[in-house]
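Enquirer: In case you want the letters, here they are:
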Amino acid sequence: MSRETLNARRLLCPLPVIRTQDKVKQLMPGDQLEVIGTDPGLMQDIPTWCRINGHKVLELGSDGHDYIVVLEVGALKQ
Amino acid sequence: MLATKTIMEQGIHVEGINFFTGFCVEGHTHAIRDKEKAKAKRNNSLWVAEQLGIKLHIIDVIDDYKNVLINPKHGYGAYMNPCLDCKIFMVNKAKQWIAENGFDFIITGEVIGQRPMSQRKATLPIVARESGADDLLVRPLCAKNLPPTLPEREGWIDREKLHAITGRSRKPQMEMAEGFGFSDYAQPAGGCCFLTDKNYSAKLVDMWQAHGHKDYQLDDVMLLKVGRHIRPAAHFKLIVARDEGEGRFLQGYKKDFISLFSRSHAGPLVLLDGNPSAEDLYLAASITARYGQGRYMDQVEIMIKGKEDFERMILVKPFAAEDQLQEWYI
Chain X
1 MSRETLNARR
11 LLCPLPVIRT
21 QDKVKQLMPG
31 DQLEVIGTDP
41 GLMQDIPTWC
51 RINGHKVLEL
61 GSDGHDYIVV
71 LEVGALKQ
Chain Y
1 MLATKTIMEQ
11 GIHVEGINFF
21 TGFCVEGHTH
31 AIRDKEKAKA
41 KRNNSLWVAE
51 QLGIKLHIID
61 VIDDYKNVLI
71 NPKHGYGAYM
81 NPCLDCKIFM
91 VNKAKQWIAE
101 NGFDFIITGE
111 VIGQRPMSQR
121 KATLPIVARE
131 SGADDLLVRP
141 LCAKNLPPTL
151 PEREGWIDRE
161 KLHAITGRSR
171 KPQMEMAEGF
181 GFSDYAQPAG
191 GCCFLTDKNY
201 SAKLVDMWQA
211 HGHKDYQLDD
221 VMLLKVGRHI
231 RPAAHFKLIV
241 ARDEGEGRFL
251 QGYKKDFISL
261 FSRSHAGPLV
271 LLDGNPSAED
281 LYLAASITAR
291 YGQGRYMDQV
301 EIMIKGKEDF
311 ERMILVKPFA
321 AEDQLQEWYI
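Chains X and Y, in that order, are what the protein sequence lines are.
Heads up: the first sequence runs through residues 1 to 78, numbered per the working numbering.
Heads up: the second sequence runs through residues 1 to 330, numbered per the working numbering.
For reference, chain X alone in the conformation it holds in the complex (with noise of 0.2 Å):
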């Protein structure tokens, strides 16, 4: 299992949510992905997007200044 980390600043929605898509098909099921952006609409649009693709959210926050979502790899990848 590997987690990696997505830079999606400066983005606005929906480009880190193509951003993660792209990322998450270059992964395994199980990777962990943290996407960090600026958007707020991430932390809506994000965590849909994993319901729909069947991948799991394992952290949902924000240090203040960045958006910060980790998300796990489900098996019904993309």
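In short, the hints are calculated from the structure, not lab data.
What follows is a list of derived Cβ distance ranges for each label pair:
hint	chain 1	residue 1	chain 2	residue 2	range
1	Y	Phe310	X	Asn7	26 to 36 Å
2	Y	Asp104	X	Gly30	30 to 40 Å
3	Y	Lys305	X	Lys56	37 to 47 Å
4	Y	Gly102	X	Thr5	28 to 38 Å
5	Y	Gly11	X	Arg10	40 to 50 Å
6	X	Arg3	Y	Gly113	48 to 58 Å
7	Y	Glu15	X	Arg10	22 to 32 Å
A short, non-exhaustive set of chain X residues, derived as facing chain Y with CB atoms under 7 Å:
hint	residue
8	Arg10
9	Cys13
10	Val17
11	Ile18
12	Gln44
13	Asp45
14	Thr48
15	Trp49
16	Ile52
Pairs of lysine-lysine, DSS-like flavour, derived with a Cα cap of 25 Å:
hint	chain 1	residue 1	chain 2	residue 2
17	X	Lys25	Y	Lys95
18	Y	Lys95	X	Lys23
19	X	Lys23	Y	Lys55
20	Y	Lys214	Y	Lys225
21	Y	Lys93	X	Lys25
22	X	Lys23	Y	Lys93
Glycine included, every Cβ here is placed at the ideal spot set by N, Cα and C.
Guided by the hints, dock chain Y onto chain X, whose structure is given.
Expert: Just chain Y, lined up with the frame of chain X:
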């Protein structure tokens, strides 16, 4: 949503495709402006996919879309919206996608007569033909008013269970939504593309004129969505943040532009796009002061930062020629 549900009701597996051109409204404005904070930030296509229980593929077509916008074969709509070319482009992309991903045909939610440019009886066949999708393109909401497509002729789908909606009224769709048990859905009647917006289109044309060409980068078209755009001269313009949200967003671009802000009073971040003279910089600083809380003061301190390490503080009198300012608004 209704077209998809209609086909899913026949037991057919459907997945969604959402093309991101760079001009899609939802998400961006919600994310940037303070006044939009109270609104839900949902992405409608993701939300619809979840309601329907289908997968959604969001595809970045920003680069390929440039040619559609710059050279639309069928021209523009009321503003810079190349709706018919856009639809042809997207159906063509969908055709490529289904070939690569093992799907059999394409469905869209188009209705004859729904939209004045791209959904007329005369234009629907153009979309099918020029996209190359031909009779692999099914419009479930108005299929009975169109010749049978290959999936209908081959019996992959039952034509009798498709619909015959026409015209601009959304009442039949609303009744259908109620029948399917959808109590919430994206508001109809367009508005999902910045290119259909008069003010945005004016800023786009202004940018093309100022750059001397029509090519653009994603950041160029993103910045047209944010702030007041003021062009005092052909060789430079100002982008003035309208609230804290826009200010935060513009902060991310400070390294790429000359930026100005008041040091003596609260006020907006301003980006300057162009090559200003010293006199232009003074004018820009004066306009920056006009939008801050020092607008009625005799003098305001304005910090000017260049793209590299250059920075300079100057004292200016806030710009007071309101009529002139109105003329400079893009």
